[in-house]
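Enquirer: Start from the sequences, fold in the hints, and give me the full structure.
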Amino acid sequence: AQSVTQLGSHVSVSEGALVLLRCNYSSSVPPYLFWYVQYPNQGLQLLLKYTSAATLVKGINGFEAEFKKSETSFHLTKPSAHMSDAAEYFCAVTLTGTASKLTFGTGTRLQVTL
Amino acid sequence: KAGVTQTPRYLIKTRGQQVTLSCSPISGHRSVSWYQQTPGQGLQFLFEYFSETQRNKGNFPGRFSGRQFSNSRSEMNVSTLELGDSALYLCASSDPGQGGVSPLHFGNGTRLTVT
Chain X
292 AQSVTQLGSH VSVSEGALVL LRCNYSSSVP PYLFWYVQYP NQGLQLLLKY
342 TSAATLVKGI NGFEAEFKKS ETSFHLTKPS AHMSDAAEYF CAVTLTGTAS
392 KLTFGTGTRL QVTL
Chain G
94 KAGVTQTPRY LIKTRGQQVT LSCSPISGHR SVSWYQQTPG QGLQFLFEYF
144 SETQRNKGNF PGRFSGRQFS NSRSEMNVST LELGDSALYL CASSDPGQGG
194 VSPLHFGNGT RLTVT
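Chains as they are written, first to last, in my numbering: chain X, 292 to 405; chain G, 94 to 208.
Just so you know, these hints were derived from the structure itself, not from any lab. Small disclaimer: the values here were computed from a predicted structure and weren't measured. A couple of the hints might just be wrong.
As the list claims (entries may be wrong) - Derived DSS-like pairs (lysine-lysine); straight-line CA-CA distance at most 25 Å:
#1 G:150 <-> X:392
#2 G:106 <-> X:349
#3 X:359 <-> X:392
#4 X:392 <-> G:94
#5 X:392 <-> X:349
As the list claims (entries may be wrong) - Listed next, the stretches of chain G that the computed footprint assigns to chain X, with coverage defined by at least 3 CB atoms under 8 Å from CB atoms of chain X:
#6 138-148
#7 199-207
Said to hold, decoys possible - Just the calculated beta-carbon pair ranges, DEER-fashion:
#8 X:361 <-> G:208: 49 to 59 Å
#9 G:156 <-> X:362: 33 to 43 Å
#10 G:154 <-> X:386: 18 to 28 Å
#11 X:370 <-> G:156: 40 to 50 Å
#12 G:98 <-> X:301: 29 to 39 Å
#13 G:151 <-> X:301: 21 to 31 Å
#14 G:144 <-> X:404: 42 to 52 Å
#15 G:121 <-> X:332: 40 to 50 Å
#16 X:374 <-> G:96: 23 to 33 Å
Where a beta carbon is used, it is the ideal one built from N, C-alpha and C, also for glycine.
Expert: The structure is reproduced here in structure tokens:
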């Protein structure tokens with residue numbers, strides 16, 4: 292069975308600072324990994340996905356994530372935080388190619404301060 | 094293209110009643126998945142429908158059911174509502190035919206409150 296662990300339920304950064312949201316996965320076979328963002332009263336929006344084509348994945352809004360098999364990690368980063376990045380971020384994993392049955396992490400709420 | 098549309102946005106029901114939620118996927122998407130989101134349990138997979146057939150199912154009791162129509166629109170039904178069913182129900186569609194790993198596109202959800 293697959294699972295993901297997101298370290299830190301709340302992360303606070305200053306505007307302009309580096310954003311680092313942590314995700315570790317557990318899977319017996321190569322996984323497909325995703326990062327989603329959820330703004331208040333909205334659904335989830337895909338930020339990026341890892342499908343084994345490249346270990347460094349670039350997504351929307353300046354976010355990127357690096358797949359590290361040796362560390363079983365898929366951390367999300369952004370060089371410079373913006374106030375509009377304040378939201379909840381979810382890491383998710385699936386072993387199937389259609390990604391219809393995702394296992395989500397518990398989420399990390401990102402706060403951006405002035 | 095229009096995104097995934099879920100109706101209604103908000104529902105208030107009484108314990109013991111039943112409820113039906115509706116989801117219209119992105120045009121051309123044949124797979125529809127449903128998720129339940131609660132503060133305690135997080136995001137949990139309910140089921141997936143593809144071409145009117147249930148293809149995957151999560152670990153929810155039989156009170157939770159769904160169906161998909163020939164135009165790919167989907168409904169989920171919860172019977173004999175319990176207080177613990179209060180949650181945000183999210184629908185997501187995808188297009189497995191596009192090749193590679195097709196990501197989910199989520200609607201804004203239906204917030205169900207059971208009193």
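Enquirer: Within a Cα-Cα threshold of 25 Å, do residue 150 of chain G and residue 392 of chain X meet the stated pairing?
Expert: holds (9 Å)
Enquirer: Could you grab the alpha-carbon distance between residue 392 of chain X and residue 349 of chain X and see if it respects the 25 Å cut-off?
Expert: holds (23 Å)
Enquirer: Honestly, do residue 151 of chain G and residue 301 of chain X meet the 21 to 31 Å range at C-beta?
Expert: With Cβ atoms ~27 Å apart, the hint holds.
Enquirer: Within 23 to 33 Å: is that where the Cβ-Cβ distance between residue 374 of chain X and residue 96 of chain G falls?
Expert: About 24 Å separates the Cβ atoms of residue 374 of chain X and residue 96 of chain G, which means 23 to 33 Å holds.
Enquirer: Would the hint linking residue 359 of chain X and residue 392 of chain X be met if the CA-CA limit is 25 Å?
Expert: holds (23 Å)
Enquirer: Between residue 121 of chain G and residue 332 of chain X, does the C-beta distance stay in 40 to 50 Å?
Expert: violated (27 Å)
Enquirer: Check the hint pairing residue 106 of chain G with residue 349 of chain X against an upper bound of 25 Å on the C-alpha distance.
Expert: Not satisfied, since the Cα-Cα distance of roughly 43 Å exceeds 25 Å.
Enquirer: Quick one: are residue 361 of chain X and residue 208 of chain G within 49 to 59 Å, going by C-beta?
Expert: holds (50 Å)
Enquirer: Lying within 18 to 28 Å: is that true of the beta-carbon distance residue 154 of chain G to residue 386 of chain X?
Expert: holds (25 Å)
Enquirer: Would you say the C-beta atoms of residue 144 of chain G and residue 404 of chain X sit inside 42 to 52 Å of each other?
Expert: holds (48 Å)
Enquirer: According to a criterion of three or more residues whose C-beta lies within less than 8 Å of a C-beta of chain X, is the segment 138-148 of chain G covered?
Expert: The restraint on the segment 138-148 of chain G holds, since 4 of its residues have a Cβ under 8 Å from chain X and three suffice.
Enquirer: Check, residue by residue, whether the segment 199-207 of chain G contains three or more positions whose beta-carbon lies closer than 8 Å to a beta-carbon of chain X, and give the verdict.
Expert: Since three or more residues must qualify, the claim that chain X covers the segment 199-207 of chain G holds, with 4 doing so at under 8 Å.
Violated hints, in rising order: 2 and 15; the structure is consistent with all others.
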